[in-house]
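Heads up: the protein sequence lines correspond to chains A and B, in order. Letter by letter, the first sequence follows residues 12 to 94 in the working numbering. Letter by letter, the second sequence follows residues 413 to 784 in the working numbering.
Because the hints were derived from the structure by calculation, they are not lab data. Quick caveat: nothing in here was measured; it's all calculated off a predicted structure.
Label pairs and their calculated CB-CB ranges:
{"#": "1", "chain 1": "A", "residue 1": "ASP50", "chain 2": "B", "residue 2": "MET413", "range": "55 to 63 Å"}
{"#": "2", "chain 1": "B", "residue 1": "GLN566", "chain 2": "A", "residue 2": "ARG60", "range": "51 to 59 Å"}
{"#": "3", "chain 1": "A", "residue 1": "VAL40", "chain 2": "B", "residue 2": "VAL622", "range": "28 to 36 Å"}
{"#": "4", "chain 1": "A", "residue 1": "GLY86", "chain 2": "B", "residue 2": "SER640", "range": "30 to 38 Å"}
{"#": "5", "chain 1": "A", "residue 1": "GLU72", "chain 2": "B", "residue 2": "THR428", "range": "35 to 43 Å"}
{"#": "6", "chain 1": "B", "residue 1": "ARG435", "chain 2": "A", "residue 2": "ARG61", "range": "29 to 37 Å"}
{"#": "7", "chain 1": "B", "residue 1": "PRO450", "chain 2": "A", "residue 2": "MET12", "range": "25 to 33 Å"}
{"#": "8", "chain 1": "A", "residue 1": "VAL40", "chain 2": "B", "residue 2": "LEU637", "range": "19 to 27 Å"}
Just so it is clear, CB atoms sit at the ideal spot from N, CA and C, and this is done for glycine as well.
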Amino acid sequence: MTQYLIMCRSLTHAQRSAQVLERHGITAVVTKAPQGLSDRGCAYAVSLRRRQAEAVELLKEMNMLAGKVFEQKSGGEYREVRV
Amino acid sequence: MIYLDSAATSLLKPVTVEQAMRRAMRTMASPGRGGHAPAMLAAETVLNCRLAAAELFHVPEPEQVVFTMNATHALNIAVHSLVSEGTRVLISGFEHNSVTRALRAHGAEIRIAGRKLFDREDTLADFRRQIPDVDLVVCTHVSNVFGYILPIEQIAELCREHGTALVVDASQSAGVLPIDMQALGAAFIAMPGHKGLFGPQGTGLLLCGVPGSPLMHGGSGSESLLQSMPEYLPDRLEAGTHNVCGIAGLLAGLEYVREKGTEEILLHERRLLQKMRAELEDCPLQLYTGEEREQSGVLSLRCSAMDCELVAQRLAERGVCVRSGLHCAPTAHESAGTLDTGTVRLSFSPFLDPEQAGRAAAALREIAAAAS
Numbered sequence: 012m013t014q015y016l017i018m019c020r021s022l023t024h025a026q027r028s029a030q031v032l033e034r035h036g037i038t039a040v041v042t043k044a045p046q047g048l049s050d051r052g053c054a055y056a057v058s059l060r061r062r063q064a065e066a067v068e069l070l071k072e073m074n075m076l077a078g079k080v081f082e083q084k085s086g087g088e089y090r091e092v093r094v
Numbered sequence: 413m414i415y416l417d418s419a420a421t422s423l424l425k426p427v428t429v430e431q432a433m434r435r436a437m438r439t440m441a442s443p444g445r446g447g448h449a450p451a452m453l454a455a456e457t458v459l460n461c462r463l464a465a466a467e468l469f470h471v472p473e474p475e476q477v478v479f480t481m482n483a484t485h486a487l488n489i490a491v492h493s494l495v496s497e498g499t500r501v502l503i504s505g506f507e508h509n510s511v512t513r514a515l516r517a518h519g520a521e522i523r524i525a526g527r528k529l530f531d532r533e534d535t536l537a538d539f540r541r542q543i544p545d546v547d548l549v550v551c552t553h554v555s556n557v558f559g560y561i562l563p564i565e566q567i568a569e570l571c572r573e574h575g576t577a578l579v580v581d582a583s584q585s586a587g588v589l590p591i592d593m594q595a596l597g598a599a600f601i602a603m604p605g606h607k608g609l610f611g612p613q614g615t616g617l618l619l620c621g622v623p624g625s626p627l628m629h630g631g632s633g634s635e636s637l638l639q640s641m642p643e644y645l646p647d648r649l650e651a652g653t654h655n656v657c658g659i660a661g662l663l664a665g666l667e668y669v670r671e672k673g674t675e676e677i678l679l680h681e682r683r684l685l686q687k688m689r690a691e692l693e694d695c696p697l698q699l700y701t702g703e704e705r706e707q708s709g710v711l712s713l714r715c716s717a718m719d720c721e722l723v724a725q726r727l728a729e730r731g732v733c734v735r736s737g738l739h740c741a742p743t744a745h746e747s748a749g750t751l752d753t754g755t756v757r758l759s760f761s762p763f764l765d766p767e768q769a770g771r772a773a774a775a776l777r778e779i780a781a782a783a784s
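Isolated chain A, as found in the complex:
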């Protein structure tokens, strides 16, 4: 199953993003982002398995989308998703 990662600028930002999504019924989990996805070192992300487009729109609306969005295919590799 495809997993989506919404990159966040900080742990606090990731937690708040996840809270916003949860409040809108979108299951989201705060997770450490793979090193290869950030050019600045350690980072946190919000991970979700579905309703990613809705999640991105929601965060955009609330001025909370601060990073790139990636999808991870079953093979494990990540690909940036244009938002």
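Place chain B on chain A using the hints.
Using the frame of chain A, we list chain B on its own:
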């Protein structure tokens, strides 16, 4: 024991504070460092504490709530962020050394407004006169020595009118008086966690209206490749591992204050103050008191026949805990004319009852009578 030193640290706290700290110690790791369950549980507690503080003090975003070691640490970050050699800073006549020493260390040109104790009109007039000529105002909300409540809302309004940055020292008001970050429009508001918010020692908060400059540099768990602190809050001002146990305790304290309400807390403390005043009225002691709206639950007094340290010692022998001396606030004592003698300070809390206040007053009467 009768504890009348809550202006230094609230020793008597809600039972939930200790429970939360024990739980944190057993179950929580470092937030922002790992992705495992104990780290994420810690992160949840830290966020909840930011949210609780943001709600209580009307801070727009929880990211603007920064954890510090105490109010002094928070004030030092604020001063470090806004002051450099020659910055013209206006302070009140009732500031603590945590403000004045930090300002001097940064080379500020310090000016003082409002030196009349319990005279809010004079304080405001003096701020109004001097604000146009300064770059920054740093003002305590309540004097830690006398409980004098400064007209901070009006001072903030003057700062907004003149586009002057404002730093508020809320060390004695947080948890006792309403504080509205948005309404004040302050650059920073600094407060301890271990006084009116009932957290443990080693906790403090800096509410940030501007990003600020880091006083400490180090790990933040974010942007680790960069060799400078992140640009965004709270990471920018929080280097190193958080005091998670302390923050868990502070969260429980904040919840207590939210449930009880600052209005009820202030009312209780003022009742105790009035009782103490009434019982000491005909006693050979000099009490420093103002109108009810001008004074929080802090009372300074002096016994002309006995050194204030000796009065405190005699009280301690009777199980009454107070603080004597200059209270790290020589500026305030200079303003009140008590710099040479110091005062004995009694400070109240929601966990003190009138009967205890009465016994403390009786002990004071006995000591004063024996001295004169």
